[in-house]
Amino acid sequence: MAIPTDLLRGLAALVLAGASTAAIATPLSLPGSLPNMAGLGIGSTTEFAGGKDRMLGVVPGLRYVTPGGRLLEWYGPYAQFNFGGLTGFQWGPAVSLRLGRSDVDDPVVSRLHEIDTTVEAGGFIGYEYLHAGPVPWRLRGGVNVMTNAGIVYGGARVNATGSLWVPLHPRVYAGLGLGATWVSSSFNRTYFGVTQADAAASGLPAYSPGGGLEQFTGWLALIWQLDKHWYGGAMVYGQRLTGDAADSPIVTQRGTRNQITYGVGIAYAWR
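Numbers -25 to -1, 1 to 246, taken from mature numbering (1 follows the signal peptide of the UniProt record, and there is no 0), label the letters of the sequence shown in order.
Accuracy of the hints is not assured; some may be wrong.
Stated by the list, open to error - What follows is a list of derived Cβ distance ranges for each label pair:
{"hint": "1", "residue 1": "124", "residue 2": "146", "range": "20 to 26 Å"}
{"hint": "2", "residue 1": "188", "residue 2": "58", "range": "51 to 57 Å"}
{"hint": "3", "residue 1": "83", "residue 2": "63", "range": "20 to 26 Å"}
{"hint": "4", "residue 1": "188", "residue 2": "82", "range": "29 to 35 Å"}
{"hint": "5", "residue 1": "178", "residue 2": "78", "range": "34 to 40 Å"}
{"hint": "6", "residue 1": "205", "residue 2": "227", "range": "30 to 36 Å"}
{"hint": "7", "residue 1": "176", "residue 2": "246", "range": "52 to 58 Å"}
{"hint": "8", "residue 1": "147", "residue 2": "176", "range": "41 to 47 Å"}
These are computed hints drawn from the structure, not numbers from a lab.
C-beta atoms are modelled at their ideal positions from N, C-alpha and C, and glycine is treated no differently.
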């Protein structure tokens, strides 16, 4: 059984955006004023990218500012290290564990070629703005580029995201975000393609997608401070597949282009 990395990253963000699961530089991002945090999130997501069968998952997360002021963010299978500031320009390396597809519950998709779990590496660049008025809202935007170097898929995957956090109360943050993802044709063929052998085994029509815009993403989250050290929260994270990914028979015949992840999280915070 495999959870798609983008959905798992959103679920992992329940740990910290829900107490946070990407991006992204990740699909989700946290307001820079929060303290260091470590926690767990639990939620419901689809079993594989484009699927409709659901499952529960539990994921860890970490947000840590080094003594030198560098920010490490780890949301489930995705991590990035910021060489820039907590506000202003941000940049650095990123690494992600992209889960494969095997032993899924769908009786047709289970007959398709299996996909190995693999490691992606790349980098990100972004900017975070802090409004210093009576309501200190924060706006963050960024782009990350990840590649598998041809181990499982070729080419690259590019995410562009933006997020806004607004304090509703000294102990409560509300956040929302939007994003889009572009992928290579090799990526789409690996995760959404149906080979001739797949077609013969499953009954789905053969399909060889090209690259381009893969999905739009959006999320809503609340973080509330329970006491000095504990934070809790909740989040809903949505993806809408588009382009050749959405036209795949894996999606049109066995799944849905609308992917929803939701859940709650709790985290321990320290300064």
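- Item | Structure versus earlier hints - violations, ascending order | 1, 2, 3, 5, 6, 8
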